[in-house]
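**Q** Sequence:
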Amino acid sequence: MNLLQKRNIKLIIEYDGTNYSGWQTQAHVPSIQSTVKSAIEKLTGERIILIGAGRTDSGVHAQGQAANFHTHTRLSVDSMSLAINAHLPRDIAVKSAEEVPLDFNARKNAKAREYMYVVSNNKFRTALYRHYSYHVPLTLDIPAMKEAAAYCKGKHDFSGFTGGRKTENGVRNIMKLDIERKVDFICITVKANSFLTHMIRYMVAALLEVGRDMMKAEDIKIYLEPTLKKWTHSRAPARGLFLMKVDY
1 MNLLQKRNIK
11 LIIEYDGTNY
21 SGWQTQAHVP
31 SIQSTVKSAI
41 EKLTGERIIL
51 IGAGRTDSGV
61 HAQGQAANFH
71 THTRLSVDSM
81 SLAINAHLPR
91 DIAVKSAEEV
101 PLDFNARKNA
111 KAREYMYVVS
121 NNKFRTALYR
131 HYSYHVPLTL
141 DIPAMKEAAA
151 YCKGKHDFSG
161 FTGGRKTENG
171 VRNIMKLDIE
181 RKVDFICITV
191 KANSFLTHMI
201 RYMVAALLEV
211 GRDMMKAEDI
221 KIYLEPTLKK
231 WTHSRAPARG
241 LFLMKVDY
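Read in order, the letters of the sequence shown are residues 1 to 248 in my numbering.
Wrong hints could be hidden among the right ones.
Stated by the list, open to error - Simulated pairs of lysine-lysine, DSBU-like, Cα-Cα distance not exceeding 35 Å: (1) Lys6 to Lys42; (2) Lys176 to Lys221; (3) Lys146 to Lys216; (4) Lys176 to Lys230; (5) Lys95 to Lys191; (6) Lys123 to Lys42; (7) Lys146 to Lys245; (8) Lys111 to Lys42; (9) Lys191 to Lys176; (10) Lys95 to Lys176; (11) Lys221 to Lys245; (12) Lys191 to Lys108; (13) Lys42 to Lys182; (14) Lys245 to Lys153; (15) Lys155 to Lys108; (16) Lys111 to Lys176; (17) Lys230 to Lys182.
Since the hints were derived computationally from the structure, they do not count as laboratory data.
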């Protein structure tokens, strides 16, 4: 029986998702969750449950993934990040650790999640950022993409932009959907209370179709109707997507 007081620790984690099956633990393949969990268990000598704020797909990266776990360790939070990192591979890093109330849950208590999708928009492909962007060599109509993005903001039924099983409630609230060119890159930032499976990557694919003049900006509205017209085209690759931060 462990008589030490239980603590709840919240972590902010950064990772390169290239070599992982995604956040969630899966049998026989490496995942971010299982790798971080193993590092914490080596440090504390305890079996823990690691709860993440977002279940990022295979190949998706994170700058600000949030997670929490309960522990009886007396290790200070000031030294915990460095101590966990000593047991992690170089493509995963704990950026911060803090003690939170025992009832805090990284997934259930999250009010919003913010992602960024990066498009490399140059005639020539990039070698340095090949794992962190989607190369689109064609000229894109950014104003048209911004117009289409404006239709997606607010509360809509996004069931037309999901590759997962049909959900009973596909309504989500997009609080931010900004598109900005930064030299040879286009950054699409989207923030919502939560997301459906592959929702962002399907939406990005639709916005890029608008940018290529393959469909009109207002055409995106037909995929937001409750009657559900499904986006049947391909989704943008996982490598361009980053979980930037989680709001509580």
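**Q** What are the numbers of the hints that this structure violates, sorted from low to high?
**A** Hints 6, 13 contradicted; others consistent.
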